[in-house]
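Colleague: As a plain string of letters, each chain reads:
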Amino acid sequence: MIDWGWLAGHLDAIAYRTAQHVYLAALGVAIGFAISFVLALVAARHRALYPPISALAGILYTIPSLALFAALISITGFSVVTAEVPLVLYTLVILVRNIVAGLDGVPAEVLEAADGMGHTRRQRLWRVELPLAVPLIVAGLRLATVSTIGLVTITGTISDAFGGLGYFILDGYNRGNFLTEMYAGAFPSILLALGADLLFVRAQRRVTPWANARTVEATS
Amino acid sequence: MNLVTATAAWLTNPAHWAGQFGIPNRLLEHVLIASISLAIALLLALPAGLAIGHTGRGAAVAASVANLGRSLPSLAVIAIAIPITVLIDPVLGGTVLPTLVAMVVLAVPPILVNAYTGIAEVDRDLVEAGRGMGMREREILARIELPVALPVVLGGIRSAAVQIVATATLGAIFGGGGLGRFLVDGIAQNDDGQVFGGVLLVAALAIATEVAVGLLQRLARSPGLRRGGRGPALGIAPPPPVLGM
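Going down the list, the sequences are from chains A and B.
Per the working numbering, the very first residue in the first sequence carries number 1; after that it's consecutive.
Per the working numbering, the very first residue in the second sequence carries number 1; after that it's consecutive.
These are computed hints drawn from the structure, not numbers from a lab.
Note that the structure is a prediction, hence the values are computed from the model and not measured.
Mixed in with the good hints there might be a few duds.
The following label-pair restraints were derived from C-beta to C-beta distances [unchecked claim]:
1. A:S159 to B:I84: 51 to 57 angstroms
2. B:G58 to A:G5: 43 to 49 angstroms
3. B:R57 to A:T76: 49 to 55 angstroms
4. B:L32 to A:A19: 22 to 28 angstroms
5. A:R127 to B:I40: 28 to 34 angstroms
6. A:S159 to B:P147: 50 to 56 angstroms
7. B:G58 to A:M1: 32 to 38 angstroms
8. B:I40 to A:M1: 26 to 32 angstroms
9. A:T76 to B:L44: 38 to 44 angstroms
10. B:L92 to A:T76: 33 to 39 angstroms
11. A:R127 to B:L44: 45 to 51 angstroms
12. A:D12 to B:L44: 39 to 45 angstroms
13. A:A113 to B:I40: 49 to 55 angstroms
Here a beta-carbon is modelled for each residue, glycine too, at the ideal position from N, C-alpha and C.
Put together the whole structure using the sequences plus the hints.
Modeller: In structure tokens:
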């Protein structure tokens, strides 16, 4: 069922597409994090701005990825911008909410203690609030990274130049369900997602050594 | 502005509103396949989630299953399903069925997680009061835990429904129907009007799904709990922060 000859002949291509997959996902999460960080700090300081920011990110999150990619092709063409903009947009809702929740979770006594020690607002944010928010921020990064790795496969619909491992799934399908090629895209992309998940679980344990309890929070 | 006129022209062309390949029929296909997969996912995930929430047994296993399901790229699930579904039905197995499998796989985690955390978080005093009144376990679940946890349970169904509507568009890549057809065909034919018309339709359906289940969620809040705290916000409410595990 599996054409081993094809696999052996395409190891270079698989390595290239894996690297592309990691690159596209990492770029999306990095830009998404930078934007979310700023938005979350603004929202944390000006509370009235949080509902509109959160609602707008929520609406964007609801729009199916294929629709966003398709819409951008008409505007930004077959460029890397078309692939990255939706990836970035989808991370915003997860990251902004987790960063804000992390900052909100800092107990009032801690803030008072920081104020009492003479911290300025900026010092309090960087030395007290953000360090205490790190566990929730890492949890957000974990979710954003795993979902972005999944979405990178769909960038293959923009053009053959993108897609990471998803390229093999689409190309294999277009060759009349060429199973070996489709699986060469499907299984490594799953491994990549699970690998990233595991990496962040480790990071989460590292930043919260006191929390060994296994908890999953429901979505509202 | 060319884009706007092209989209308006495509959307207002009466030929696009009639027949097998028209917008109403594509919408129907989309809603139909989404409803079927949501029904299957509910059958699989809801009883399990309620049982785990009530008994507290199997929570770790369910969390792992849910986490695994959340991590899987939807395109990869479709690709893996194809050779299996082709064996079941040579025609549908290459188009509609693999997408259906992916939609179910992706819809199970939110339904499962919210069902069991919703039930598990119900005030234990309420449960004990029911037990003291001589309620059987089944009655406690049906008459105390489920009504109290219903908004949380519906929250999971809401995430699942939105996810399903999005994944259903991917079916068009694999020759399936639904509104995704306009996206895939529009890109292939370099027809901006069709692409943007499709984008608007798909986005509208996704947002309508989110709002509709959100409304249901608001109505489901038990009158006894309605005093004091406000219900879940109407309209778009993205998922709360996830702590992970």
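Colleague: Could you run down the list of hints and mark each one as holding or not?
Modeller: Against the structure, the hints come out as follows:
no., hint, in the structure
1, A:S159 to B:I84: 51 to 57 angstroms, "29 angstroms, violated"
2, B:G58 to A:G5: 43 to 49 angstroms, "44 angstroms, holds"
3, B:R57 to A:T76: 49 to 55 angstroms, "51 angstroms, holds"
4, B:L32 to A:A19: 22 to 28 angstroms, "40 angstroms, violated"
5, A:R127 to B:I40: 28 to 34 angstroms, "51 angstroms, violated"
6, A:S159 to B:P147: 50 to 56 angstroms, "51 angstroms, holds"
7, B:G58 to A:M1: 32 to 38 angstroms, "35 angstroms, holds"
8, B:I40 to A:M1: 26 to 32 angstroms, "27 angstroms, holds"
9, A:T76 to B:L44: 38 to 44 angstroms, "40 angstroms, holds"
10, B:L92 to A:T76: 33 to 39 angstroms, "36 angstroms, holds"
11, A:R127 to B:L44: 45 to 51 angstroms, "48 angstroms, holds"
12, A:D12 to B:L44: 39 to 45 angstroms, "41 angstroms, holds"
13, A:A113 to B:I40: 49 to 55 angstroms, "53 angstroms, holds"
Hints 1, 4 and 5 from the earlier list are contradicted by this structure; the remaining hints agree with it.
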